[in-house]
Amino acid sequence: MSSLLDVRNLKIYYKTPVGYVKAVDNVSFKVEKGEVFGVAGESGCGKSTLVHSLILRKPPMVHMGGQAVFKGRDLMQLSKEEERRIKYTELSIIPQYAMNALNPTKKIKDIVWDIAREHGYEDRNEVEKLLRERLAMVKLSEKVADMYPVELSGGMRQRATMVVSTLMNPDLLIADEVTSALDVTTQRVVLELLNYFMEQDIVKSIIFVTHDLALLDKIADRFMVMYAGKVVEMGPTEELINEPSHPYTTMLVESLPKIGVRYRETKLKGIPGYPISLLNPPKGCRFYTRCPYAMEHCPKVEPSLVEIEEGHVVACHLYGGESNE
Amino acid sequence: MGFKKYLARKTGVYLITFLFAVTLNWLRPRLMPGNPIEAMLSSNLGLAPGEKEVLMKYYSQLYGLDKPLWEQFVNFWVSLFHGNLGYSILYKAPVTDLIKHALPYDVVILLPAIALSWLVGNWLGAIAGKNKRYDRYTMPLFYFLASMPYFWFAMLLVYFVGVRAGWLPYQGAYAPDLIPSFSGDFIASFLKHWILPFLSLFIVMIGSWAIGMRNMIIYELEADYVRYLEALGGSEKLLTKHAYRNAILPQVTGLALQLGLMVAGAIATEIVFNYPGIGILIMNAALSQDYFLLQGAFLMVVISVLAANFIIDLIYAFIDPRVRTSYTEG
Amino acid sequence: MPRRSRMDTVKIAFRNRKFQFGFGLLMFFVLFALIGPLFTPFAWDGLYYEKVGKIELASYSGRHLPPMSHEEIYTYTGKKVEVLHILGTDIQGKDVYAQLVYGLRTSLWIAVLAAVIGTILGVTIGFVAGYKGGWIDEILMMVVNIMLVIPAIVLLILVAAYLSARSPEIQAIIIGLTGWPWVARAVRSQTLSLKNREFVSLARLAGQSDSKIIFGEIMPNMVSYVFMAGILQFSGAILASATLDFIGLGPTTMVSLGNILQKAIAYNALQFGWWWWFIPPGVIITLIITALFFVNLGMEEVFNPRLRRGGE
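Residue numbers (this note's numbering), protein chains in the order written: chain A, 1 to 325; chain B, 1 to 330; chain C, 1 to 312.
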């Protein structure tokens, strides 16, 4: 049985007047049915570009190579209409701006019906009934369906958007930084909901994008860490959190708040330095400038992904892998 | 719930504005040196010797200048509510009557011009906002239109369509040899005289509506909710539908905000066409310093604009749920 | 916070096509107002003056002429002068070009003055309302709302009608006094959003005084905004002034663009087809306002890149 999503050597660049910004550069990964796959990294590492390229490629974003095979079809090769059709029903997204994602001047049931109709649904009552059921499931009143988004609080809008996004039982749900703008309590609610959606088989798989490893620890089965447009490490969550291999992952894990340590102090232990520009990335390892273990050949040779344990790969010269270039 | 609060608040603002405008009217002659009635009558109209004394007495009694100020103020209001706005020295007629005769002409020109230009302008602007190629050519045209003083465009119409081509009449509201009635002749003449003044306002107004709509559509098409619809596979048509609805809402408020400018435009335009509306009254009153008429016209314009604003606010609350909810909290 | 230096912003603005077009057009008219009089022997009122001893005496033929006509004028002392009427003459034989150039000067001067007054008032009031908040805000905004609903032009007419002698400066003042509410409202909302930004809170925590925060932190961030508001005030003032002049309530001591149009209407220039009398002033007013629109548009694109379209 093949994977639900199989991304191979994907290259997504941004076209700018001064050249291409290589936001996603040769990225490969798989998402299996029934798992929550995490994507971690700092802002600007290409994780958002990666997931958006699956949903919506718009200039200046350009596909420069590679495939993203979803249920046997390459998303990069679909016609506009084919792409439009599989969205929502098979491949859906909860956007970063989930609180403002619903048109403020339309009733929620009207918004849902507008989209559902364009995906071949014919019975308005049926769609509305489903919407009400789901709203009740996430502990919102059924009446929310008849309300305007402006009449809801931010947290309620967040949940309503999650219901709308998952209404058609998509196979794959992309959750893009859904928690970054939220307070801790709402964050927990969102994670619980996503877990619940998985349990109820409303969604088959989730790609969960975040900059916060602590969240991945709670929700993801596996995740990958991206740095400057490249995958630096990928593996089961437990292994990555407990025994990170790549220096960057190690630093991310170390910057996590620990029990008994006050937040303020841990915050101070961020990662020094800034990511490199993706306009003309250097040939070698992109983490070189910030890496405490940098070696002589790091800036010259790009490390390739090496499997250090089953299902756990890392791209770093500390673990070999310089020969493949 | 929020609707009531919104209504109360809006009514409050308009009431205060109305009070303010009336008080201003009452205060102004009193701020001038000397007897206010004398000041009001000190026009360069050259009243007949006896006439001035008669009027002086009439107004002194009416406003009770010997009484304390607060009583004068109250009396002013009382006479206002009796529809008494004073007497025009220039036209030798009560101001209320003059305004009653002039107002319909303003309405028949302004109302269709505003309504139709709003529709057409929004439509053209929406196309421009969506279609870059079309936008490139029409944008400068819209800006040029919006930059034109109404009265100058009116002059161009008179010159090119009326004088040079001789297609349409351009003076007055109907042929001078006709008496207003519901006869076919009169109606035909009235309509013919109506076209140019209407066009001069209508065409210029299109420009600013189109610009507003274009910018709103561009802005809304970038909004989060449109991106979301697109991410969920909404068609181009659906995105436009949602964006258009939200873009048109500020244009409704724009209607209220532009009203003052449009009234100003109409005043000057009437002068070009010698169209017998309030504009002509205001100009004549201003030039011959017929202050009663001027103040009466001022009050009339303010009241009309206030009323129109109020209606627009009401409509707006019905079509935009955001207004209602913003008044539920706090 | 990425703060672009002021010079950079100006440079970017000058690279913007719309800004270039608008600014160029505007400068053309300013230049025209400045040096235009060099090309005509006529004074601001369209008359030919000759110095006799210490006084200047006007002479004109009184003939009505189309553009580019030459004519001979006999001056007071009997000298014969050949003159060129670039834009012809009006009904009284006064040179239209001279009136136009000096009228443009007056109109620009009025508009600049009114825009400065309106902008300063609006910025101050909007700023105080937004920064202080509370009941001060309530009251000021109430005044703003009242002023916004009352059509400014009617108020202008009312005030102007009470003044028997009107200089351009007086007109500028009354236009400025009625134009500020727009600016106040915009500046207030801008202030509200800036007030709560991090850098302002930091300054407040650091114990800086109000005036230091205002002029050191908030104002620099609002310069572009205020400038754009000023430009809108400027174009509004041009229009308001032209309308007032056209109704016959313009400056009594000077010729202005609206003034010329008023006279043209009063003397039936339309019916007689004397286009050179009423077309040029209107074209100039329209083009100046168009130019200002484009300057604003260009600046908006520079400061708010969201509005930029296509490969610009």
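Derived by calculation from the structure, the hints in this document are not laboratory data.
For glycine and all other residues, C-beta sits at the position ideal for the given N, C-alpha and C.
It is possible that part of the hints are untrue.
Which bits of chain C does chain B cover? Going by a derived footprint, with three or more residues having C-beta under 8 Å, they are [what the hints assert, rightly or not]:
| hint | region |
| --- | --- |
| 1 | 78-89 |
| 2 | 226-234 |
| 3 | 244-255 |
Result set (PhoX-like, lysine-lysine): computed pairs, CA atoms no more than 20 Å apart in a straight line [to be verified]:
| hint | chain 1 | residue 1 | chain 2 | residue 2 |
| --- | --- | --- | --- | --- |
| 4 | A | K58 | B | K192 |
| 5 | B | K4 | A | K58 |
| 6 | A | K58 | A | K80 |
| 7 | A | K106 | B | K241 |
| 8 | C | K132 | C | K54 |
| 9 | B | K237 | A | K107 |
| 10 | B | K132 | A | K58 |
| 11 | C | K11 | C | K51 |
| 12 | B | K237 | A | K80 |
| 13 | B | K130 | A | K107 |
| 14 | B | K237 | A | K106 |
| 15 | A | K33 | A | K15 |
| 16 | B | K4 | A | K80 |
| 17 | B | K241 | B | K130 |
| 18 | A | K109 | A | K80 |
| 19 | A | K71 | A | K15 |
| 20 | A | K109 | B | K241 |
| 21 | A | K71 | A | K218 |
| 22 | B | K132 | B | K237 |
| 23 | A | K33 | A | K143 |
| 24 | A | K106 | A | K71 |
| 25 | A | K71 | A | K107 |
| 26 | B | K130 | A | K109 |
| 27 | A | K33 | A | K58 |
| 28 | A | K129 | A | K139 |
Distance ranges between label pairs, derived from CB positions [to be verified]:
| hint | chain 1 | residue 1 | chain 2 | residue 2 | range |
| --- | --- | --- | --- | --- | --- |
| 29 | B | I127 | C | M68 | 51 to 59 Å |
| 30 | C | E169 | B | T23 | 41 to 49 Å |
| 31 | A | E32 | B | G2 | 43 to 51 Å |
| 32 | B | I319 | C | G207 | 34 to 42 Å |
| 33 | C | S61 | B | A165 | 29 to 37 Å |
| 34 | C | D8 | B | L257 | 42 to 50 Å |
| 35 | A | L78 | C | G207 | 24 to 32 Å |
| 36 | C | D210 | A | S43 | 30 to 38 Å |
| 37 | B | V54 | C | Y267 | 49 to 57 Å |
Unsatisfied constraints (hint numbers, rising): 1, 2, 4, 5, 8, 11, 13, 15, 16, 18, 19, 21, 23, 24, 25, 26, 27, 29, 30, 32, 34, 35 and 37
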